[in-house]
Amino acid sequence: MSIPGDPTQPDPEGHRGTVSAKEDAKWLQWVTQQFETIAGEDREIDLQEFKTALNVKEPFFAERFFALFDSDGSGTITLQELKEALNLLIHGNPMDKLKFLFQVYDVDGSGSIDADELRTVLQSCLRESAISLPEEKLDQLTLALFESADKDCSGTITFDELRDELQRFPGVMENLTISAAHWLKPPSAPRCRYRPRPLTSAYWHNHRSQLLCLTAYVGLHVLLFALAASAHRALGVSVMVAKGCGQCLNFDCSFIVVLMLRRCLTWLRATWLAQVLPLDQNIQFHQLMGYVVVGLSLVHTVAHIVNFALQAQSESSPFRFWELLLTTRPGIGWVHGLASPTGVALLLLLLLMFVCSSPCIRRSGHFEVFYWTHLSYLPMWLLLILHGPNFWKWLLVPGTLFFLEKAIGLAVSRMAALCIVEVNLLPSKVTHLLIKRPPLFNYRPGDYLYLNIPAIARYEWHPFTISSAPEQRDTIWLHIRSQGQWTNRLYESFKASDPVGCGSKRLSRSLKMKRSQRRSQVSAMSLENHQFCNIKCYIDGPYGTPTRRIFASEHAVLIGAGIGITPFASILQSIMYRHQKRKHVCPNCQHSWMEGIQDNDMKLHKVDFIWINRDQRSFEWFVSLLTKLEMDQAEEPQEGRFLELHMYMTSALGKNDMKAIGLQMALDLLAKKEKKDSITGLQTRTQPGRPDWNKVFQKVAAEKKGKVQVFFCGSPALAKVLKGHCERFSFKFFQENF
Numbered sequence: 001m002s003i004p005g006d007p008t009q010p011d012p013e014g015h016r017g018t019v020s021a022k023e024d025a026k027w028l029q030w031v032t033q034q035f036e037t038i039a040g041e042d043r044e045i046d047l048q049e050f051k052t053a054l055n056v057k058e059p060f061f062a063e064r065f066f067a068l069f070d071s072d073g074s075g076t077i078t079l080q081e082l083k084e085a086l087n088l089l090i091h092g093n094p095m096d097k098l099k100f101l102f103q104v105y106d107v108d109g110s111g112s113i114d115a116d117e118l119r120t121v122l123q124s125c126l127r128e129s130a131i132s133l134p135e136e137k138l139d140q141l142t143l144a145l146f147e148s149a150d151k152d153c154s155g156t157i158t159f160d161e162l163r164d165e166l167q168r169f170p171g172v173m174e175n176l177t178i179s180a181a182h183w184l185k186p187p188s189a190p191r192c193r194y195r196p197r198p199l200t201s202a203y204w205h206n207h208r209s210q211l212l213c214l215t216a217y218v219g220l221h222v223l224l225f226a227l228a229a230s231a232h233r234a235l236g237v238s239v240m241v242a243k244g245c246g247q248c249l250n251f252d253c254s255f256i257v258v259l260m261l262r263r264c265l266t267w268l269r270a271t272w273l274a275q276v277l278p279l280d281q282n283i284q285f286h287q288l289m290g291y292v293v294v295g296l297s298l299v300h301t302v303a304h305i306v307n308f309a310l311q312a313q314s315e316s317s318p319f320r321f322w323e324l325l326l327t328t329r330p331g332i333g334w335v336h337g338l339a340s341p342t343g344v345a346l347l348l349l350l351l352l353m354f355v356c357s358s359p360c361i362r363r364s365g366h367f368e369v370f371y372w373t374h375l376s377y378l379p380m381w382l383l384l385i386l387h388g389p390n391f392w393k394w395l396l397v398p399g400t401l402f403f404l405e406k407a408i409g410l411a412v413s414r415m416a417a418l419c420i421v422e423v424n425l426l427p428s429k430v431t432h433l434l435i436k437r438p439p440l441f442n443y444r445p446g447d448y449l450y451l452n453i454p455a456i457a458r459y460e461w462h463p464f465t466i467s468s469a470p471e472q473r474d475t476i477w478l479h480i481r482s483q484g485q486w487t488n489r490l491y492e493s494f495k496a497s498d499p500v501g502c503g504s505k506r507l508s509r510s511l512k513m514k515r516s517q518r519r520s521q522v523s524a525m526s527l528e529n530h531q532f533c534n535i536k537c538y539i540d541g542p543y544g545t546p547t548r549r550i551f552a553s554e555h556a557v558l559i560g561a562g563i564g565i566t567p568f569a570s571i572l573q574s575i576m577y578r579h580q581k582r583k584h585v586c587p588n589c590q591h592s593w594m595e596g597i598q599d600n601d602m603k604l605h606k607v608d609f610i611w612i613n614r615d616q617r618s619f620e621w622f623v624s625l626l627t628k629l630e631m632d633q634a635e636e637p638q639e640g641r642f643l644e645l646h647m648y649m650t651s652a653l654g655k656n657d658m659k660a661i662g663l664q665m666a667l668d669l670l671a672k673k674e675k676k677d678s679i680t681g682l683q684t685r686t687q688p689g690r691p692d693w694n695k696v697f698q699k700v701a702a703e704k705k706g707k708v709q710v711f712f713c714g715s716p717a718l719a720k721v722l723k724g725h726c727e728r729f730s731f732k733f734f735q736e737n738f
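Taking full-length UniProt numbering, I'd label the letters of the sequence shown as residues 1 to 738.
Some hints could be false.
As the list claims (entries may be wrong) - Have a look at the derived ranges for each label pair, beta carbon to beta carbon:
no.: 1; residue 1: Q483; residue 2: Q167; range: 40 to 48 Å
no.: 2; residue 1: P427; residue 2: A552; range: 32 to 40 Å
no.: 3; residue 1: L440; residue 2: P379; range: 30 to 38 Å
no.: 4; residue 1: K673; residue 2: S110; range: 26 to 34 Å
no.: 5; residue 1: S74; residue 2: H366; range: 51 to 59 Å
no.: 6; residue 1: L440; residue 2: E135; range: 48 to 56 Å
no.: 7; residue 1: A226; residue 2: I305; range: 21 to 29 Å
no.: 8; residue 1: K406; residue 2: G219; range: 27 to 35 Å
What the hints assert, rightly or not - With a straight-line cut-off of 30 Å between C-alpha atoms, the simulated DSS-like cross-links for lysine-lysine are:
no.: 9; residue 1: K151; residue 2: K137
no.: 10; residue 1: K606; residue 2: K699
no.: 11; residue 1: K699; residue 2: K628
no.: 12; residue 1: K705; residue 2: K628
no.: 13; residue 1: K495; residue 2: K429
no.: 14; residue 1: K705; residue 2: K606
no.: 15; residue 1: K672; residue 2: K137
no.: 16; residue 1: K606; residue 2: K672
no.: 17; residue 1: K676; residue 2: K581
no.: 18; residue 1: K704; residue 2: K732
no.: 19; residue 1: K676; residue 2: K137
no.: 20; residue 1: K675; residue 2: K705
no.: 21; residue 1: K720; residue 2: K603
no.: 22; residue 1: K705; residue 2: K581
no.: 23; residue 1: K695; residue 2: K628
Bear in mind the hints are in silico, worked out from the structure with no lab data behind them. Because the structure is a prediction, the values reported are computed rather than measured. The beta carbon of each residue, even a glycine, is placed where N, CA and C say it ideally should be.
Put together the whole structure using the sequences plus the hints.
What follows is the structure, encoded as structure tokens:
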């Protein structure tokens with residue numbers, strides 16, 4: 001086999017002439033370097049080396065590409081053969097690339113593609129994109145593409161027929177490439193990603209409350225430091241610095257706890273203060289104050305050490321340096337000279353808490369270390385009261401609020417044990433818990449709670465988003481992804497054949513729960529991984545999140561990545577419930593219409609829901625709910641639907657990739673024919689790869705459905721990207737701390 005087209009001949013369509021001589025020279029140098037890296041001493045690339053370099057999952061494509069690159073059929077690829085192949089794939093015109101693609105599909109080299117060859121190619125495409133479909137579905141995909149392309153019904157697809165079929169997909173032929181072979185072309189210059197600029201109006205629009213609070217925080221510290229330092233200016237610079245830092249620490253060490261008063265923050269979210277204070281950033285401000293406390297404590301300690309050293313050197317001082325630093329003999333402090341020993345103990349406790357609060361501890365399966373060391377705030381407060389004469393005054397109000405909240409939380413959570421009545425083990429190691437809902441447990445969509453299961457860990461409480469809608473009265477749903485020690489123990493305990501609490505009166509509870517589910521219109525699921533249980537648990541909550549603002553939005557864009565979909569499960573159900581309340585049906589003609597007037601309960605005009613997953617199985621556990629949401633608005637026209645779904649699978653290769661073009665075309669054709677997606681079963685077609693956020697937000701802005709607010713739950717890295725795009729389009733951005 002040979003590469004179509006001769007790169008040494010002039011290109012009649014002028015495509016190759018667009019590349020400058022300088023770029024060609026750079027590209028040739030890059031190819032030579034890559035070839036030498038892959039080929040080794042023999043200066044030739046064999047099939048195994050080619051497979052390794054190409055980094056494809058499916059050997060079919062590596063073997064087909066190798067056979068086409070090996071123009072002389074020698075079984076190896078020389079530098080010249082590689083240059084010719086690369087010239088085609090990088091600089092070639094669409095027709096040359098199409099001929100290359102046709103030869104990849106024409107496995108037997110007969111000059112045409114029959115149905116069995118196409119099936120072999122599509123099967124390899126599925127494996128390359130990490131998509132698993134039944135054999136019957138693969139046959140349907142093959143026939144859909146084959147029948148569409150075989151216009152003359154000859155039983156084979158010719159080159160002209162494949163070209164005509166591809167031309168139905170605009171832009172694909174021009175951009176056809178092999179995406180996995182990143183070594184085939186030189187690295188491009190890094191693109192300048194949009195970065196938020198603090199001085200722009202868009203940045204101010206999204207961050208004004210944080211910036212104002214930071215300004216007030218810094219100003220307060222400057223004021224406190226200046227007042228304390230000026231009051232002790234007669235005692236020297238070191239004492240002034242120590243006293244200034246100490247006064248700031250009085251405020252920080254008392255106020256830092258206010259930022260974690262979840263009940264107070266949830267109450268504030270329902271007031272006008274939610275528009276002024278950055279309540280959604282309470283954890284970030286708590287962490288910031290933690291860093292400030294560590295920094296001020298170190299400066300405070302160093303300043304006192306300098307002061308003690310100067311005193312010890314003075315002839316009038318009866319105490320040595322270590323006595324001033326570690327003992328009560330000098331009488332420093334307001335309680336029996338305890339200032340120095342308590343200061344040393346405080347610094348050691350603070351450094352221990354600081355180290356054990358680092359992300360590498362919290363996110364590496366050692367949450368218990370973080371949790372138990374963080375409880376040292378209680379002895380720290382006691383030591384601070386003994387250490388500083390004025391600290392108790394600063395702590396009076398925050399401490400009272402803190403202990404009141406803790407007492408209320410303990411009383412409410414331990415008032416009566418609840419029962420986990422059903423457990424569903426879902427794909428991607430997701431545990432779906434159904435907990436009997438307490439009578440007075442009122443929550444809003446997107447709220448979260450703290451869960452304690454004594455059978456898993458007696459003293460551990462972990463936060464999870466409530467995934468059921470408030471309108472569902474019988475049970476509370478939690479979807480828990482196994483990502484740490486506690487969540488893995490939870491999953492494994494229910495995966496066992498007879499976990500504690502399951503089995504007794506199983507059939508009675510099964511019948512009761514089935515009837516309960518029918519009343520609440522919960523989708524029926526396979527009972528294979530279901531267990532009906534009676535396991536004791538405790539909950540603390542509910543607590544509010546930024547997603548409470550969704551119902552006050554006009555155009556909401558909900559973006560979830562992976563398990564980050566959980567906060568939106570409850571929200572989507574509640575949105576559709578409220579949307580259906582606006583629906584009216586004429587009793588005579590059965591004509592239905594929606595109320596156009598927005599109420600105080602929900603001001604939404606449009607909701608775009610975007611879900612990004614790595615693989616196919618990650619969609620499975622949530623598809624039943626999305627199917628129901630699609631059915632709820634089945635009668636509405638496709639263009640003007642209130643809720644629009646957008647699904648992305650990042651492991652799937654896009655239409656521009658030679659290893660996926662046939663599969664994506666077949667999936668499109670079969671989706672149009674069956675009115676549903678072959679990957680998820682939804683009416684919404686799952687898009688391969690990652691979203692083009694610029695195009696996504698341009699489309700949202702063009703719809704002009706009202707002020708756009710973007711709500712995201714997922715990885716911090718993607719949050720930064722989305723925040724930059726939101727500031728560019730002047731969209732309000734909210735992130736769930738997940």
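Status of each hint after checking the structure:
Taking 40 to 48 Å as the suggested C-beta distance range, the pair Q483 and Q167 conforms, at roughly 46 Å. Under the hint 32 to 40 Å, the C-beta atoms of P427 and A552, about 34 Å apart, fit the expected range. Evaluation of the 30 to 38 Å hint for L440 and P379 yields a pass: the beta carbon distance comes to about 36 Å. At about 28 Å, the beta-carbon gap between K673 and S110 stays in the expected band of 26 to 34 Å.
Range check, S74 to H366: Cβ separation about 56 Å, and the 51 to 59 Å hint holds. Hint check: L440 to E135, Cβ distance near 53 Å, so the stated range 48 to 56 Å holds. As the Cβ distance of A226 to I305 is approximately 23 Å, the hint placing it in 21 to 29 Å holds. For the pair K406 and G219, the beta carbons lie near 31 Å from each other, so the given range of 27 to 35 Å is met.
Using a Cα cut-off of 30 Å, the hinted pair K151 and K137 holds, with the two alpha carbons roughly 22 Å apart. A C-alpha spacing of about 13 Å is found between K606 and K699, which places the hinted pair at or below 30 Å, so the restraint holds. For a cut-off of 30 Å, the pair hint linking K699 to K628 stands: about 25 Å separates their Cα positions. With a C-alpha separation of about 24 Å, the suggested pairing of K705 with K628 holds against the 30 Å cut-off.
For the proposed pair K495 and K429, the alpha carbon gap of about 10 Å is at most 30 Å, so the pair holds. With a C-alpha separation of about 7 Å, the suggested pairing of K705 with K606 holds against the 30 Å cut-off. Restraint check for K672 and K137: satisfied, since their Cα atoms lie roughly 15 Å apart, inside the 30 Å limit. Note on K606 and K672: the hinted pairing holds, with a Cα-Cα distance of about 25 Å set against a maximum of 30 Å.
For the suggested pair K676 and K581, the alpha carbons sit about 27 Å apart, so the restraint of at most 30 Å is met. Between K704 and K732 the alpha-carbon distance is near 15 Å, which keeps this suggested pair within the 30 Å criterion. Restraint check for K676 and K137: the C-alpha separation of about 12 Å stays at or below 30 Å, so the hint holds. Between K675 and K705 the CA atoms are separated by roughly 27 Å; this keeps the pair inside 30 Å, and the hint holds.
For the hint pairing K720 with K603, the CA-to-CA distance comes to about 28 Å; that is within 30 Å, so the pair holds. With a C-alpha separation of about 20 Å, the suggested pairing of K705 with K581 holds against the 30 Å cut-off. With a CA separation close to 28 Å, the supplied pair K695 and K628 stays within the 30 Å bound.
Of the numbered hints listed earlier, not one is contradicted by the structure.
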